[in-house]
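Protein chains: 2
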Amino acid sequence: MDKNALFYKLVSFTSSVHRVTQELTKNAKSDSISQTQYNILEYISVGQPVTPSEINDCQNMSMPNTSRELSKLSKKNLIEKLNDTEDRRKQYIRLSNDGEAMMNEAFATIESRFLKRIENASIEDLDEIEHALEVLQTKLFY
Amino acid sequence: MDKNALFYKLVSFTSSVHRVTQELTKNAKSDSISQTQYNILEYISVGQPVTPSEINDCQNMSMPNTSRELSKLSKKNLIEKLNDTEDRRKQYIRLSNDGEAMMNEAFATIESRFLKRIENASIEDLDEIEHALEVLQTKLFY
DNA sequence: CCTCTTTGTTATCATTTGATAACTAAATAA
DNA sequence: TTATTTAGTTATCAAATGATAACAAAGAGG
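Protein sequence lines, in the order shown, are assigned to chains A and B. When we follow our numbering, the leftmost residue of the first sequence carries the number 1, and every step to the right adds one. When we follow our numbering, the leftmost residue of the second sequence carries the number 1, and every step to the right adds one.
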């Protein structure tokens, strides 16, 4: 197994992940936010609390645009901004109660689709899947 | 291992995949195409040939917008459209030579970053990674 | 034959996004 | 103390995207 072949397996794999993610999340988000805003909320909900800088690094946005989107989310009462007491330039962003509720709703939709997807998997399959997720997260997608 | 816990592992996993994919592909695409256009080209290059309908299903676009983006890519000589001889409504899209060249360049950049990421992995690690990719692609991201 | 469905196009308009410049405020380094 | 860097904001404008309507042309089914 040379590394070049492994790379092409990775390309095909990430393509599959994107396709399935697309299927699972299709129309799961509330219509009141844009896809970009949903992506930001999802990122926040996984790594809470996060700073605006982390958001623009990860989502490949510029600082001004991140700031704008966060303002919109803030106006919609979906996030809260906290000041760092150490470094007063920094902010920490986390979901508000409304934001948590919105994301819980989205995740519930996604989860039910996921459960349907794996309903025919055996216990052994599930164990294998779980193990594979851990291997990749530790050794490749760290 | 209950399925609910597995779901949250999946959420965290896909989040990591997206983050790493972002890192690997950052600025890899040519400046002459938009991110959406790059995504379409990537999708085409993995599943060549594809129909416009498949593209809008997978990329979550509407048919008119897909058609518009394909026209742009066609004007830039990055794709070719072929007619299906059986069903004359259908088209098959594939990369042109220029399109292949552009994607090869992008993939070369991405691959070099990937190789750097796994340069310290042992043979056993690589085997584990490869196996895990296959398990997930077969049993979860099919 | 006629109708319905599928596949794709073109045009249009509102909204979102990307990019840049000019800015404030706080921390850090010289 | 005085730069310089870091973190974030506001404003602005061009470009890309999303959504919709109106259309054409081919296939499928009665």
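Don't read these hints as lab results, they were simulated from the structure. As the structure is a prediction and not an experimental result, all values here were calculated from the model. By construction, the Cβ of each residue, glycine as well, lies at the ideal position given by its N, Cα and C atoms. Hints may contain errors.
[Said to hold, decoys possible] Derived CB-CB ranges, DEER-like:
| # | chain 1 | residue 1 | chain 2 | residue 2 | range |
| --- | --- | --- | --- | --- | --- |
| 1 | A | I123 | B | S32 | 49 to 57 Å |
| 2 | B | R68 | A | Q22 | 18 to 26 Å |
| 3 | A | A5 | B | R68 | 19 to 27 Å |
| 4 | B | S32 | A | R68 | 39 to 47 Å |
| 5 | A | S53 | B | R89 | 47 to 55 Å |
| 6 | B | S12 | A | D98 | 31 to 39 Å |
Among all the numbered hints in the text so far, which are the ones the structure does not match?
3, 4, 6
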